[in-house]
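Got chain Z; can you put chain L on it based on the hints?
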Amino acid sequence: MRLTGRDRLFLFAPLALLLAGWLVLPALLGLLATFSTYSPFATSVQFSGLANYAAVVRDPLFVAAARNVAVFTLVAVPLELVIGFSVAYVLRRPFQGRAALRVLLLLPWLVSPIASGVMWHFLFGGATGIVDFVLGWLGRPDVPSPLGDIRLALPAVIAVEVWRMAPFVTFLLLPSLASIPTERWEEATLSGASWTGRVRHVAIPAVRPLLLTITMLLTGLSLGTFDAVLILTGGGPGTATVTPALYSYNRAFGVNDWPVGATSGWLIAAAVLGAGLIYVRLSRTKVAD
Amino acid sequence: MSRVLARTVVLLVFVAACSTGSNPSTNQSFSGTTIRVVTFTGPQIAEPLQRRAPDFEKATGAKVQIITVPFSDLYQKLLTDFATKTNSYDATVFDPQWMGDYVPPGYLEDLTDRVKNDSALQWNDIAPFFRDFSATFKGKVYTIPLDGDFQMVYYRKDLLQKDGLQPPATWDDYISIAQHFQGKDLNGDGKPDYGSCLAMKRSAQSYWAWISIAAAYLQSQGTKQGAFFNTDNMQPLTNNPAAAAALTVYKTLSKIGPPEQLNQDVGDSRGLFVTGRCALSLDWGDIGPLAVDKTQSTVQDKVGAVILPGSKKVLDRSSNQLVDCNATLCPYATNGVNHAPFAAFGGWSGAINKAASAKVKDAAFAFLSYMSQPAQSSVDVTIGKTGFNPYRTSHFNNMGPWTASGMSESAANDYLGAIKSSLQSPNMVLDLRIPQTAFYQQTALDTALAQFLAGEISLTQCMTQITNQWNSKTDEIGRQSQLDAYRSSLSITK
Chain Z
94 MRLTGRDRLF LFAPLALLLA GWLVLPALLG LLATFSTYSP FATSVQFSGL ANYAAVVRDP
154 LFVAAARNVA VFTLVAVPLE LVIGFSVAYV LRRPFQGRAA LRVLLLLPWL VSPIASGVMW
214 HFLFGGATGI VDFVLGWLGR PDVPSPLGDI RLALPAVIAV EVWRMAPFVT FLLLPSLASI
274 PTERWEEATL SGASWTGRVR HVAIPAVRPL LLTITMLLTG LSLGTFDAVL ILTGGGPGTA
334 TVTPALYSYN RAFGVNDWPV GATSGWLIAA AVLGAGLIYV RLSRTKVAD
Chain L
12 MSRVLARTVV LLVFVAACST GSNPSTNQSF SGTTIRVVTF TGPQIAEPLQ RRAPDFEKAT
72 GAKVQIITVP FSDLYQKLLT DFATKTNSYD ATVFDPQWMG DYVPPGYLED LTDRVKNDSA
132 LQWNDIAPFF RDFSATFKGK VYTIPLDGDF QMVYYRKDLL QKDGLQPPAT WDDYISIAQH
192 FQGKDLNGDG KPDYGSCLAM KRSAQSYWAW ISIAAAYLQS QGTKQGAFFN TDNMQPLTNN
252 PAAAAALTVY KTLSKIGPPE QLNQDVGDSR GLFVTGRCAL SLDWGDIGPL AVDKTQSTVQ
312 DKVGAVILPG SKKVLDRSSN QLVDCNATLC PYATNGVNHA PFAAFGGWSG AINKAASAKV
372 KDAAFAFLSY MSQPAQSSVD VTIGKTGFNP YRTSHFNNMG PWTASGMSES AANDYLGAIK
432 SSLQSPNMVL DLRIPQTAFY QQTALDTALA QFLAGEISLT QCMTQITNQW NSKTDEIGRQ
492 SQLDAYRSSL SITK
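Residue numbers (the numbering used here), protein chains in the order written: chain Z, 94 to 382; chain L, 12 to 505.
Extracted from the complex, chain L is given alone in its bound form:
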């Protein structure tokens, strides 16, 4: 009996030891340990880290330094710090797209066992897409998701109901609704307003918006099919009838909106939408909390959200033609419409520097886990200024924090419903994460889209330009290594 008791005591001690890193209320086990966490200036993303760090410090004895740098410098600073072995940062809250540059050289700590052993983190509560794709590279977990980034369409519920219109199910629907409202007074100020407001500014978020449109035409057979390259030969999927259809939609939308839309980023389009000047918009989850913010919104309880519109035609990769959806081509279609929600950017995530000392790694993991645990994150995702959007099942089931934030129950249901249907889609599109992703997207794609929208190049020239630049970069880096990286990012193991 005494042996059983002794074993029980040992087991309890072991369990307690395993959970020390996850529950900051347990003890002062990190006393004297300093964790240097780098992220971007914010105020989004940095704000919740700075706000919650003192509580974590009080509970664990650790000291958390939140170091902020401008977003444009973050990638470079991290890469320089890792590569030169300066190791000024123990952990980072960063764009998981950069895993393609940071994981292969071995800069990030493998967190696979840690997340399995941390019960307080509730790893299985994190939506499968973020767990299995966003946080994972080559089958191993490298990040803890803190934010659920993907794009959705927002619409003015009051306007659509009044005119007997349904929220857009396809991009054709989106265009016709936008055309219906373009030039009408939508906020009662006597001035003509806009059918759709998108971020089309160069060097901003334009390329994400285009991928959100193109995804529905390009990817129909699940996340592993990929929407950027052919997973057999790394040929870009940017010069085909599907890409042409998406470019045509994008160009059409550039003319059904504010006249200065080509110089508007998400700050502008969000401002216009929450002040009632647009019937539709395409954005991340941020508009939901912003629309209920009484200090800036005039559309409280008038906003609905839906999964990204889809397409009834998709790219048949064997014939390279745009063909009607059928059960084989579009196994995940709803009413014959293929939806491919796009996890643009991928959601801010926490990672740990592999070169940090063991104790600092433990403390850094405990801090990132603490930030992600439902008790903290359920509240943070309801606050607009955090920049964090829902990514856990509990974020959808626990309505308390949402109603406490000022959202009505119906608005919360609408908003969360759109997020939920996106998250549950097996056809979600993972953002590109291969070496030099920044060149592929921010330089080649962004420049070609800007030139196409401005009328400097034709549709054909645009597709050729993107394809040629992507192929050149792939050949320069190495086609096989890029293909391996792309397949790894999609968790393709065979």
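Chain Z with its partners taken away, still in its complex shape:
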């Protein structure tokens, strides 16, 4: 049965109405607020032009946050993809317990970022941590938590994010890799392809569209990183782990500076939108190919 334009409109309308009321309208109101002195309790609102944007991009704290999230995204996303893909590749062949393992892979992702932040705060801790437990067992002295070290705090936060998201990538990729016909693997093997050759010529082409979608998803999530950092480090030590989303939250809800909070929020949205446009461009190119 072919859907008519009217059918499509009818099916799409509930979602459109929902999104319009609960997402588009509040987002646009937020966007308007960025050009004003709006606050829910302001007695008067004045147009402020681009002053809020100028204030945010000139704020050294936001600059530090933008730098941190750039590093975070550039390191975390490739690591999540490589680890997620590698584990999915290893698990692609059927074996007993694979279904159960797939469910287990979801666990880190299902744990809320707040809960995982609390958990890793203690796991990294000097007296309570898993690392110190192992070192103590080996008779070695304690090592301090990397979260208290300005050089190691951001890598530690990235590691927690990779721990949370890489298994999720595996979960998403596994069905596609598992569905590649056995003959394709056999053909590649018979034609003398090495392990890397089989990955390049068989596995990656089969999951490329999905890989692109996952990359977009991970990039968007990384750019908006907030909850885990809030709990793990609060943005410290110094400004080592502050992110734009944390900055936005602190300004809007911590000190009631709504215009700056909304402006920094929209700058994050703009970055995610940029990543989305690249994704659309790349997916069109692939379709054209």
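Worth double-checking, as some hints may not be accurate.
To be verified - Computed footprint of chain Z on chain L, listed as stretches where at least three residues anywhere in the stretch have a Cβ under 8 angstroms from a Cβ of chain Z:
| id | region |
| --- | --- |
| 1 | 263-274 |
| 2 | 442-451 |
| 3 | 462-474 |
Claimed, not checked - Derived, one-sided and incomplete: chain L residues facing chain Z with beta-carbon distance under 8 angstroms:
| id | residue |
| --- | --- |
| 4 | 83 |
| 5 | 84 |
| 6 | 87 |
| 7 | 91 |
| 8 | 95 |
| 9 | 142 |
| 10 | 202 |
| 11 | 212 |
| 12 | 454 |
| 13 | 458 |
Since the hints were made in silico from the structure, they are not lab data. For each residue, glycine too, the CB sits at the ideal point set by N, CA and C.
For chain L alone, kept in the frame of chain Z given last:
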């Protein structure tokens, strides 16, 4: 004679009517009235309210709804609710620092007459600092204190006695004691422990700890002198030799403690202290009850407490120099040491929404009064999970609840002695409570301290950064209005 009798009867009826709001055991006068009280999720603070609400309901007929929201949302939710006239809450148990934002627009009920007329509340039993400063704004009472927050220093009595050391009287003493114990095994587990454990994590309680240190250098002439701004021109007191001395102490202490101290909040430092891993700590009153809690403490009866250490040098505001204490500069000094105990946060307090109906206001006041009355609060301040710390004279004089909570008499004397000497100090430092206090402390001060401790900025840059950001915010809001608010918070009337 019959006229005298009639007058006596009328007087008795009047007295009984006046006291209905304060003593829930009297009647069911609030039957059908619902009081919506909002506070933070807790379990601290919300726990005693939830636990005691049923007794109050049974006695008065009122229905008490305790609504809890995360601490980070409480300020915002209240402000939005008041400003938009939604009035979802009739009363709140909140941070009295926010009075600077809530009182000027007229959101809170003036309780001055109510507290005067409520004999059961025993207003004069509340320590003068909390009565006259913490609960008061522009000379009027707006809150009922339920908690006595200020910071003290805790020390391991057994360790100091063994090594013949005295508890720290100055911050220099604190540093030398911390250095003495740093790296030694303090709890017998064979591992090196720490001289001092402080909460230095960003976006947590770090700025309060620094103010506790800076207070002794900055304020020497009584509460009304103020420790944050010059009360004549609203210039910040954050770029001078006193602030520099306090920053130097703070940075030194960041290196005499757990190596991950820059990422530790009070939960971490308390955990380390009560498990015997630290010789010293700086905290609110909570460590006292936690140290006797057998389920988590390994230092029962080994903990002493003292008033915040002081300084022999203070800021001379006329010359802007750090100078030796003398009788004029430090009128409240003890043995030449200026102590300035810091009422950090100010203690959870109850307030009433001015827009609530008259009957609900009466019921809300009766409930807050009931929570504060000695019969209830004397027990609640001895329980660690309530988050309530002593704030009434009777809390110090009535030792029964303390010993019943598991504290030995000597530990109770030690703990209460430190609190008492802080509370009796005429030089106590009131926490900042002006419009947008959150920006001044949680954003500007907290960020600069975090950057300084992490080595991202120098001492001079740190002081300049705080001062510039505070001045910008003051000018943005209005210097005169901020000055008026600051002076009002300090009850400066002239």
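Hints that the structure is at odds with (numbers, increasing): Structure breaks hint 9 only.
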